[in-house]
Amino acid sequence: MTDNKLINLVNITKSYGDNVVLDDLNLYIRENEFVTLLGPSGCGKTTTLRIIGGFETPDKGQVIFEGKDITKTAPNERQVNTVFQKYALFNHLTVAENIAFGLKIKKKSKEYIKDKIKYALKLVNLDGFENRMPDSLSGGQQQRIAIARAIVNEPKVLLLDEPLGALDLKLRQDMQYELIRLKNELGITFVYVTHDQEEALTMSDTIVVMNQGYIQQIGTPEDIYNEPKNAFVADFIGDSNIISSIMVEDKLVNILGANFPCVDTGFGHNKPVDVVIRPEDVNLVKPEEGIIKGVVTSLLFKGVHYEMEVNANGYDWLVHSTSLFPVGTEVGIQVDPFNIQIMNKPESEDEEAVELEI
Amino acid sequence: MNTENVSNAKTQKLTSHKNGDGIVGIKSAKWLSLPYAVWMIGFIIIPLIVIVYYGLTTVDNRFTLDNISAISSPINLKALLMALEQSLISTIICLLLAYPLAMILSKSRMRSSSFIVMIIILPMWMNFLLRTIAWQNLLERSGIINTVLKFFGLPPMNIINTPKAIILGMVYNFLPFMVLPIYNVLIKIDKDIIDAARDLGANSVQTFLKIILPLSLPGVISGITMVFVPALTTFVISNILGGSKIVLIGNVIEQQFRMGNWHVGSGLSLVLMIFILISMAILSKYDKEGEGSGLW
Amino acid sequence: MVKKFFERFYVALILIFLYAPIAILIILSFNGSKSRAKWGGFTLKWYRELFKNESIMNALYTTLIIAVLSALIATIIGTAAAIAINSMKKTPRTIMIAITNIPMLNADIVTGISLMLLFVALRYTLGFSSVLISHITFNIPYVILSVLPKLKQLNPHTYEAALDLGASPAYAFFKVILPDIFPGVLTGFFLSFTMSLDDFVITHFTKGPEIHTLSTKIYTEVRKGIKPEIYALSTLMFITVLLLLIIINRKNAEKKAPVSRV
Chain P
1 MTDNKLINLV NITKSYGDNV VLDDLNLYIR ENEFVTLLGP SGCGKTTTLR IIGGFETPDK
61 GQVIFEGKDI TKTAPNERQV NTVFQKYALF NHLTVAENIA FGLKIKKKSK EYIKDKIKYA
121 LKLVNLDGFE NRMPDSLSGG QQQRIAIARA IVNEPKVLLL DEPLGALDLK LRQDMQYELI
181 RLKNELGITF VYVTHDQEEA LTMSDTIVVM NQGYIQQIGT PEDIYNEPKN AFVADFIGDS
241 NIISSIMVED KLVNILGANF PCVDTGFGHN KPVDVVIRPE DVNLVKPEEG IIKGVVTSLL
301 FKGVHYEMEV NANGYDWLVH STSLFPVGTE VGIQVDPFNI QIMNKPESED EEAVELEI
Chain Z
1 MNTENVSNAK TQKLTSHKNG DGIVGIKSAK WLSLPYAVWM IGFIIIPLIV IVYYGLTTVD
61 NRFTLDNISA ISSPINLKAL LMALEQSLIS TIICLLLAYP LAMILSKSRM RSSSFIVMII
121 ILPMWMNFLL RTIAWQNLLE RSGIINTVLK FFGLPPMNII NTPKAIILGM VYNFLPFMVL
181 PIYNVLIKID KDIIDAARDL GANSVQTFLK IILPLSLPGV ISGITMVFVP ALTTFVISNI
241 LGGSKIVLIG NVIEQQFRMG NWHVGSGLSL VLMIFILISM AILSKYDKEG EGSGLW
Chain S
1 MVKKFFERFY VALILIFLYA PIAILIILSF NGSKSRAKWG GFTLKWYREL FKNESIMNAL
61 YTTLIIAVLS ALIATIIGTA AAIAINSMKK TPRTIMIAIT NIPMLNADIV TGISLMLLFV
121 ALRYTLGFSS VLISHITFNI PYVILSVLPK LKQLNPHTYE AALDLGASPA YAFFKVILPD
181 IFPGVLTGFF LSFTMSLDDF VITHFTKGPE IHTLSTKIYT EVRKGIKPEI YALSTLMFIT
241 VLLLLIIINR KNAEKKAPVS RV
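Protein sequence lines, in the order shown, are assigned to chains P, Z and S.
Numbering follows our numbering, with no gaps: position 219 of the first sequence is 219.
Numbering follows our numbering, with no gaps: position 59 of the second sequence is 59.
Numbering follows our numbering, with no gaps: position 231 of the third sequence is 231.
Please keep in mind that the hints were generated in silico from the structure rather than gathered at the bench.
Remember, predicted model here, so these are calculated numbers, not experimental data.
Careful: at least some of the hints might be erroneous.
[Claimed, not checked] In silico PhoX-like links for lysine-lysine, alpha-carbon gap of 25 Å or less:
hint, chain 1, residue 1, chain 2, residue 2
1, S, Lys-224, Z, Lys-30
2, Z, Lys-210, S, Lys-224
3, Z, Lys-188, S, Lys-34
4, Z, Lys-285, S, Lys-227
5, P, Lys-170, P, Lys-114
6, Z, Lys-30, S, Lys-251
7, P, Lys-170, P, Lys-302
8, P, Lys-106, Z, Lys-188
9, S, Lys-34, S, Lys-175
10, Z, Lys-188, P, Lys-116
11, Z, Lys-164, S, Lys-4
12, P, Lys-118, P, Lys-183
13, Z, Lys-30, P, Lys-110
14, P, Lys-170, P, Lys-156
15, S, Lys-224, P, Lys-72
16, P, Lys-72, P, Lys-114
17, S, Lys-3, Z, Lys-107
18, Z, Lys-30, P, Lys-106
19, P, Lys-122, P, Lys-72
20, Z, Lys-210, Z, Lys-164
21, Z, Lys-191, S, Lys-34
22, P, Lys-118, Z, Lys-210
[To be verified] Where chain S lies over chain Z, by a calculated footprint (3+ residues, C-beta under 8 Å):
hint, stretch
23, 213–219
24, 254–263
Note that beta-carbon positions come from the ideal geometry of N, C-alpha and C, so glycine has one too.
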């Protein structure tokens, strides 16, 4: 990864009628980065991708590509290629013709095209599929062809719009590894759109969490998971206990009436805050050893761990643990100070736009 | 994300998945086709057999090919060739007029498709004979079009009772049957497919030639058949707009029946059906679904 | 912008082409002169005369009865057939659809002649019932082709789900399947009705000398000149349909919530 800004979105605003999809969005993407736009449907992630691809023109703002303004450049004149959500393969053309489509338009030589098709099919593990028709292939295979069709054009950026959305779980996981491998082999920038937080955490260098047209947080998967900037991010990325609390002083927070030591400073005295504690960070101990006491109210076996709910001080704590506590057991709750994530309360009902540097 | 596309994808998947499955659970579903099957045999298949029988026999029920070879008489042959020429020309004109129209209509997605279908078929609610008669008013020597032309100082147009008037009548009457199938195919083309072509570097002309046109071919073929067959076989349009001088094969057959020569009329109808079968064969070759690109 | 203008202009030209004859007919219905070549001043006379003209009213009555009956019967037979076709395996399904396409693709003149020959061969008197049968025959395919796509969109398991919840097969059909495919059934009915109303050729061959529909009545008058009452009648019919469609369209537009696109 270098520090070159390849794509820079500046003050992008886009609305359809009264519906503001993107509101003054600023985002840059570096060369050779795997960036994931993550958020619930309607958050503006696909619109952002389509603006980069050239299929939508922003109402306000600029799209800068390698220092040049391409806001009004047609999609066919951009050095980016897209892998569409439902593949968008040309069903009247063979696999080879699909892959050759962009190259033929660029008037490449026959041998070059032939080599490229071979290379691309090898890359996506579909050697020998040249003469098949797209509709005779499985969803996963169609997806690979869509990727092959895009990458033969050697784009600087590959845009992927929920490319794995239509595949089943196993295939989706396989394709995740496949995509990471592809990205490393090709050495190009990937901009990936998904609503699946697990997919985002697995594959990305950088995750951009979006909601209601605003960027909520930008960071590495570890940052996003461990230090969510607000309740929305915390809630969207994995299960978590988000508890309204009071910051008593530096390194001490009052959660549900009990004082917990933590590591955060600078929030002031007796300030209302939100506390995020991941379920796997809640330690269940003997009642007398815990900071607060509670009772296990439900228990589910999840394979690698047990998922329990513990009612303590009027809050149902979600707990993941490898040791089992039957329903009805009285337990103590304890949290390591560095596992308590303190967040400022949002100032308004709407989630605030967070302006951040990566 | 386009919600419409998403739902389209869902239905598409459903179709391909359940093609031939039917509504799961209706065990006796096949019997529901019994009334239709009886009806089809009685009123579609048997009548066709009857017409073949009449076409190949004489009045006293002896086998003959004379009714078929009646087509080679100079008058009949001329009528057939004339009908072929006129229907081909009007089919081509319909296609040239309809394709751009269907493109424009399919792009204006704000209007619901039922509205567009409505304005195209609404004229059918005025009796088709009357609408054709109205063209007499428009085309006559001192008719409305010539009055307008005269007003602008342009030379008058005298095409009533000529083959040109018949072509105009055919185009007028059958244009909707060309527009609708093409429109129906065009609106089904996923917008992502067009975006994908643009994404891969195709400009709008290339996108049209390489993607839109080939994908719309089933609609075009369907439209061609739906215009060509009725144009080839019409006797009403030629009667009303061609005066009595121009005789098409449809007029010949109608006359034979009016004069009671059922066997000759049937024989000539069989000849006509050969041409219809050819166009049907072409249609079925391109329309793989067998039902996908019909008029509605 | 220029492109947009040309597109609009083109659509407008085609619409003028399609609707000019209709405008002419509407104007003629208010023409005081009996000749269609001369303007004799504005009059409502033909609208009054229309209702007194027994032969036209008879033809109208016959036309409407045949249109309603044939559309209704075709809708019932066609909907049942569509359900059956939808559940067939590939080969019988292809055969059924191929046969369904015959009357749609075949020339009207051949369909008309073949039906007439059948009726004559069976010594069945040509008249109201032979026209009705013929109209049902060419209407069924329109119903099938309208209903089939709706059936394809249907979730194949809703019927089972209804049975599972305790519905009888008939109840499940009328409460679960029919409402889902109803738009298609309705389209089929209205298409049939329209086709029947507009048909001339097949009626011409199968009607016999006793009865007239509006189409055949108009055809007999082509040479001697159309009675202006006919213009008045078609104007009334056209306006009725136009108003109906506008009302339906309005209602549909109200039902549809604003489209969200995100």
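Structure-based check of each hint:
no.	hint	in the structure
1	S:Lys-224 - Z:Lys-30	52 Å, violated
2	Z:Lys-210 - S:Lys-224	54 Å, violated
3	Z:Lys-188 - S:Lys-34	49 Å, violated
4	Z:Lys-285 - S:Lys-227	47 Å, violated
5	P:Lys-170 - P:Lys-114	32 Å, violated
6	Z:Lys-30 - S:Lys-251	37 Å, violated
7	P:Lys-170 - P:Lys-302	18 Å, holds
8	P:Lys-106 - Z:Lys-188	28 Å, violated
9	S:Lys-34 - S:Lys-175	55 Å, violated
10	Z:Lys-188 - P:Lys-116	32 Å, violated
11	Z:Lys-164 - S:Lys-4	32 Å, violated
12	P:Lys-118 - P:Lys-183	18 Å, holds
13	Z:Lys-30 - P:Lys-110	53 Å, violated
14	P:Lys-170 - P:Lys-156	30 Å, violated
15	S:Lys-224 - P:Lys-72	65 Å, violated
16	P:Lys-72 - P:Lys-114	33 Å, violated
17	S:Lys-3 - Z:Lys-107	13 Å, holds
18	Z:Lys-30 - P:Lys-106	54 Å, violated
19	P:Lys-122 - P:Lys-72	36 Å, violated
20	Z:Lys-210 - Z:Lys-164	35 Å, violated
21	Z:Lys-191 - S:Lys-34	55 Å, violated
22	P:Lys-118 - Z:Lys-210	22 Å, holds
23	213–219	violated (count 0)
24	254–263	holds (count 3)
Hint compliance for this structure: hints 1, 2, 3, 4, 5, 6, 8, 9, 10, 11, 13, 14, 15, 16, 18, 19, 20, 21 and 23 are broken, all remaining hints hold.
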